[in-house]
Amino acid sequence: NAGVTQTPKFRVLKTGQSMTLLCAQDMNHEYMYWYRQDPGMGLRLIHYSVGEGTTAKGEVPDGYNVSRLKKQNFLLGLESAAPSQTSVYFCASSSPWPSGSYEQYFGPGTRLTVT
Amino acid sequence: DQQVKQNSPSLSVQEGRISILNCDYTNSMFDYFLWYKKYPAEGPTFLISISSIKDKNEDGRFTVFLNKSAKHLSLHIVPSQPGDSAVYFCAALPGSNYKLTFGKGTLLTVNP
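Residue numbers (this note's numbering), protein chains in the order written: chain A, -9 to 105; chain B, 266 to 377.
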């Protein structure tokens, strides 16, 4: 099992450009999440999904859109990148059943720089 | 409003000694707590968790203690090893949903 994978690993964008980050998981998890990590800020939830075709806003959703067309994939889009979106982005997945665990499994991250 | 607080940005200990990382929370609806470890340029990895119905959970060198009345939990690592050097995040969620709230993390350095 590859677990949670993210592409790309690194990206540099100019202000105003758009891009999509791809997250894929092979654990058949129902729930998927996008976080951003900034220095001294911990991990903050951007958007999440509780199943195929469903998405919801997290703590810091502005400037981002997401889609979950397939259960194993969760896409994060930036329509018009801003320097404030320079960050490391992590995708995660989880499934509380049948294990009853709330553990989330994280991908390796995407480092995005917006100039 | 920060609901999960890790007030020590960093901690340095000697190899073989105990490391104690602390976490406080304010939301009384939280009833499940997790610790994650993160190495540079990698994603966080799950370390250990505890439910609010317990006050202690142990897994090898790692033990988590929960004091619900004080809204405080701590992670003990005994004995500490240089490979434990990483950022440790405390996270919490209410049992009614699946959204984790993370603390800002504590950088642990274990010196040989």
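Bear in mind the hints are in silico, worked out from the structure with no lab data behind them. One should not assume that every hint holds.
Claimed, not checked - Once the Cα atoms are required to be at most 20 Å apart in a straight line, the calculated PhoX-like pairs of lysine-lysine come out as: (1) A/K61 / B/K364; (2) B/K270 / B/K302; (3) B/K302 / A/K47.
Claimed, not checked - Okay, the calculated bits of chain B under chain A, using three or more residues with CB under 8 Å as the criterion: (4) 305 to 316; (5) 329 to 335.
Just so it is clear, CB atoms sit at the ideal spot from N, CA and C, and this is done for glycine as well.
Hint-by-hint comparison with the structure:
Annotation: proposed proximity of A/K61 to B/K364 holds, straight-line Cα distance about 18 Å (limit 20 Å). For a cut-off of 20 Å, the pair hint linking B/K270 to B/K302 stands: about 16 Å separates their Cα positions. Of the pairs offered as hints, the one joining B/K302 and A/K47 is violated, with about 26 Å between alpha carbons and a cut-off of 20 Å exceeded. For the segment 305 to 316 of chain B, the stated coverage by chain A is satisfied: 7 residues place a CB nearer than 8 Å to a CB of that chain, which reaches the threshold of 3.
Coverage of a stretch by a chain is defined here by at least three residues with a beta carbon nearer than 8 Å to that chain's beta carbons; for the segment 329 to 335 of chain B and chain A the count is 0, and the condition is violated.
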